[in-house]
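K.L.:
Spelled out, the chains give:
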Amino acid sequence: MQLLTEIRIGGFGGQGVILAAAVIGKAAAIFQGGYATMTQSFGPEARGGSSSAQVILSTEPILYPYVAHPDVLVVMSQAAYTTFTPQLKPGGILITEQEMVRVDKYPNGVRAYGVPATRLAEELGRKVVLNIVMVGFFGAVTNLLEPDALRKAVADSVPPAMQKLNLQAFDKGFEYGSELIEKLAENGYGEELVSLESA
Amino acid sequence: MHADPKGVLTGVHFLDGDHACCEGTLAAGARFSAGYPITPSTEVVERFAWRIPTVGGIFIQMEDELAASIAIQGAVWGGAKAFTVTSGPGFSLMMEHIGYAAMTETPCVFVNVQRGGPSTGLPTLPAQADMMQARWGSHGDYAIIALCPNSPQECFDLTIQGFNLSEEFRVPVMMMLDECVGHMTEKVVIPEADQIEVTPRRYTKLPPEEFHLFEPREDLVPDMVKAGDGYRFHVTGLTHDERGYPSMNVETQDVQVRRLQDKLKPLANGRALCETENLDDAEVVVVSYGITSRVAQRAIQLARAQGIRAGKFRLISAWPFPEQRISDLAGRVKAFVVPEINLGQMVHEVARAAAGRAAVIPVSHAGGSVHNPDAILKAIVEAAR
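For the record, the sequence lines run as chains S and U.
Take any residue in the first sequence, count from 1 to its spot, add 3: that is its number in the working numbering.
Take any residue in the second sequence, count from 1 to its spot, add 632: that is its number in the working numbering.
Wrong hints could be hidden among the right ones.
To be verified - If you want the footprint, here are the derived chain U segments under chain S, 3+ residues with CB under 8 Å:
{"hint": "1", "region": "813 to 821"}
{"hint": "2", "region": "917 to 930"}
{"hint": "3", "region": "995 to 1009"}
As the list claims (entries may be wrong) - Calculated from the model, a selection of chain U residues having no Cβ within reach of chain S, i.e. all distances over 10 Å:
{"hint": "4", "residue": "Val-644"}
{"hint": "5", "residue": "Thr-686"}
{"hint": "6", "residue": "Met-735"}
{"hint": "7", "residue": "Pro-750"}
{"hint": "8", "residue": "Lys-837"}
{"hint": "9", "residue": "Met-856"}
{"hint": "10", "residue": "Val-889"}
{"hint": "11", "residue": "Leu-905"}
Just so you know, these hints were derived from the structure itself, not from any lab.
For glycine and all other residues, C-beta sits at the position ideal for the given N, C-alpha and C.
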């Protein structure tokens, strides 16, 4: 974990945005011995409305609770992409649900990674775990947190009957991300949004 | 006395401040809550309503805040530890019964998760603008205790302390959260029940024929009884004598109302809850509370990095206000900087205690967010000049 990493996750209500943020925060604060503060924007968060959450990870106690310019932005809807991408820090990381978000531009120096999380979740039989696929992918491409801490946080955040499915979802996203990073190491990182297809 | 394990969710959790506050009430022994849910405090009672059937107790969703704030007092006289939860508009409606709790010396807890006001204001955004209302909102002379947690962990810890103080002094205790702390999620460690101290209610040992309901002990706090134990008693908001009977005359009023204030004197100075840092060499002291104390801490770090001798004075109990300690500091520091998410409330207390011996500089914010640390830093830099 680094001294201070600010993360924003956005999507629509029902995609599990808040849970994804909670898993990341929990991994850092409980399973990796660091600090994490999660806050969420409160709006009309019924299914289909917009939803966003912010998590700050740090090796030291976190004093200022809000995120203005995230280091990592995870977006699962076009609206979230449009709203939040301009706030990304130079040198930051953009992670998209590549079939929900059409990426046209993003700030210079930002690295963008895409994952078909909804489709991967559907392959597991339940679309609802797309958020945990995203968390797995996030874990692999950012390398901010220990995969084991994230895995434990996933298991700790869902009901026992749903643990197996969610851990499969996490692994699927993580493996997809790892494969992508390996390919990029071989082929180099281009300017466009990278996904397994384009890498 | 240790906490009852039934109410203690021992473990390491990732909870928001509202949920942590709820766990604090359960650990403290609260087994009754009545509420009229309102953003941003709803999660406290939502969780209580979910948890209480397995712990053993009652939650009632009332018709309004007046009903909620008096139902809890009925429960207290029936032997329960009880609390209610609200935010600005509901807090305004509860004022009459906060006065009743003060006058009848009913130990109970009011959780106020502050949002922007006045009126319905900013339901989902933070403010700290109910601080004076917490102290003075009901009519007449009385005193209360108000605690200001700045993290979910403290929402748990201080809620237990709030219940304990309400039992010790028999006063209503205000838990002054704000939307930011209430909706912020962080690690919360809940210890084993035998690691949690709870203050039991002090019931009289006297037989009914010798017992007087409002006869104070040496510490000015009377012992209690509860319904069903064979004591005949009368609880009234009218000025009453030691037997609890209405006695509306100058002498009784003087004795009773003075005692309501005097019984909290030990808290005001010696035992006031504060958190201080770098006061020994400080030329500028930042006085803050609640979420603002975290942002202020950042500003203090930035000021120290610039070579300014800034110190921290965090009010954990805003009421009683630690007047003596601020007064002692006023003699040797250049200035107090007081950031708060209102247009100036606790800053007046600081100024009163400083009594002109140090500059007192407010850093106000009308609400809806927290300060930018740079705004506080700027005030510190100017104060040090």
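K.L.:
Taking the hints in turn, state whether each one holds.
P.N.:
Outcome of the hint check:
1. 813 to 821: With 5 residues in contact (Cβ-Cβ under 8 Å with chain S), the coverage given for the region 813 to 821 of chain U holds.
2. 917 to 930: That given contact holds, which follows from 5 residues of the region 917 to 930 of chain U lying within Cβ reach (below 8 Å) of chain S.
3. 995 to 1009: holds (count 3)
4. Val-644: violated (5 Å)
5. Thr-686: The assertion about U:Thr-686 holds, with a minimum of 16 Å to chain S.
6. Met-735: holds (37 Å)
7. Pro-750: holds (20 Å)
8. Lys-837: holds (46 Å)
9. Met-856: holds (40 Å)
10. Val-889: holds (41 Å)
11. Leu-905: holds (19 Å)
The structure is inconsistent with hint 4 alone, although it conforms to all the rest.
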